[in-house]
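Asks: Sequence:
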Amino acid sequence: MSINEVILWILMICMALGAIDRAIGNRFGLGEKFEDGFNAMGPLALSMVGVYALSPILAKILRPVIGPVYNALGADPAMFAGTLLANDMGGWPLAQAMTDDPQIQKLSGLVLGAMMGATIVFTIPVALGITQKEDRQFLSRGVLAGIVTIPLGVITSGLIAGIGLGTVLRNTVPILIVAVAIALGLYFKPEAMTRGFELFGKGLVFMISIGLGLGVFETMTGHQILTGEWALLPVAEGFATVALIAMALAGAFPAVHLIVKFGSKPLSAAGRLLGVNDTAAGGFIATLANNIAMFEIMKKMDARGKILNCAFAVSAAFALGDHLGFTAGVMPDMIAAVIVGKLVAGITAVVVAYLLFARAFPAYLAGDEGQLATVGAGPDMTGNPSPAGARADDVISPHGPAVETPDPGKPEA
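Here the sequence shown is numbered in our numbering, starting from 36 and rising by one per residue.
By construction, these hints were calculated from the structure, which means they are not laboratory data. Careful: at least some of the hints might be erroneous.
[To be verified] In silico DSS-like links for lysine-lysine, alpha-carbon gap of 25 Å or less:
1. 168 / 335
2. 335 / 296
3. 300 / 334
4. 95 / 168
5. 224 / 296
6. 334 / 296
7. 237 / 224
8. 335 / 300
9. 237 / 95
10. 168 / 334
[Unchecked claim] Across the chosen pairs, the derived CB separations fall in these ranges:
11. 216 / 38: 29 to 39 Å
12. 227 / 255: 35 to 45 Å
13. 264 / 241: 18 to 28 Å
14. 108 / 264: 41 to 51 Å
15. 301 / 259: 36 to 46 Å
16. 55 / 261: 41 to 51 Å
From the three backbone atoms N, C-alpha and C, an ideal C-beta is built for every residue, glycine too.
Between the sequences and the hints, there should be enough to build the whole structure, so can you do that?
Replies: What follows is the structure in structure tokens.
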């Protein structure tokens, strides 16, 4: 039995436990998480099905535009899909539409989309809407450290997936260029980058909504609006994929609940080694399920903890939650490759952030509430009193309800 099969069986055992707990009245909290997996179908459909329907059209438009650039770099143009779109927000179907090479489809749509695509289209816009203005400088520092380790995560995933080293390295070149460009932009032009992320998020919502509306209309009326080479893919196929993902999430969410419940004490110890408070230590495990929960408690973290958590969230977010469920739903053979790559990139991002900012932000000392305040100068994600339009609901979230945030300092009942 392969590691991917082992993980899938663990998810299904947790799914069964969730179903049983729901049947007996949700006595252990697993039944609620079981429900959350199926409740995620709505947000998933809103974020995925529209792009799925439009993917042949998007591929037809993008190939002649970005093809020459990527070809000049020795990379497949389909890598563009996972650069700008999350795996579960259109990156996977677009990568499939842009290339017939299954290795590139995996590397772009499943791997890169779970790191860079998710950061650009979801994590940064949502973080801007949730975090307090005074915490944006910590967000920018963390994202700076997190972005630069994405190529390492992609290489790791590619090699685990059995993709040739030469193929992986060639297709990592544009990723590295984009990562450096984003990092420099965040440092030197944070306000312009912020506006760019906001506009991109709104444009994506517009495109997804139009595609979904057209697809549903064609399916229900039988009247095809777009024909020939501009025809949409049937939305029913997209909804079938969403159903598979939801079944995997029905096991992933109970699994994360168990990890949160039993992993708080060792996590607290790890937090002390990093010199962060208990809230920041809990943020790491919350991020593995859903980074929204981490951003919501960021105001209670010490300065160092805020930076390290934001760095970790760039690639590691949803590793044991939505992205695990998505990968299990569409290609179970890629589970280990995607999850390990995300964790490698996330952990190395924490190391990079620690090396860059540990001296500027000393270790947290219990009882020193002053360390929760803004410390030091540095790049801010926005100079505006409140980022215009940067609300969490400006981006269609496929990630469902945020996970319950663990408190490592609180003893188990």
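Asks: Of the hints stated earlier, which fail here?
Replies: 4, 5, 14, 15
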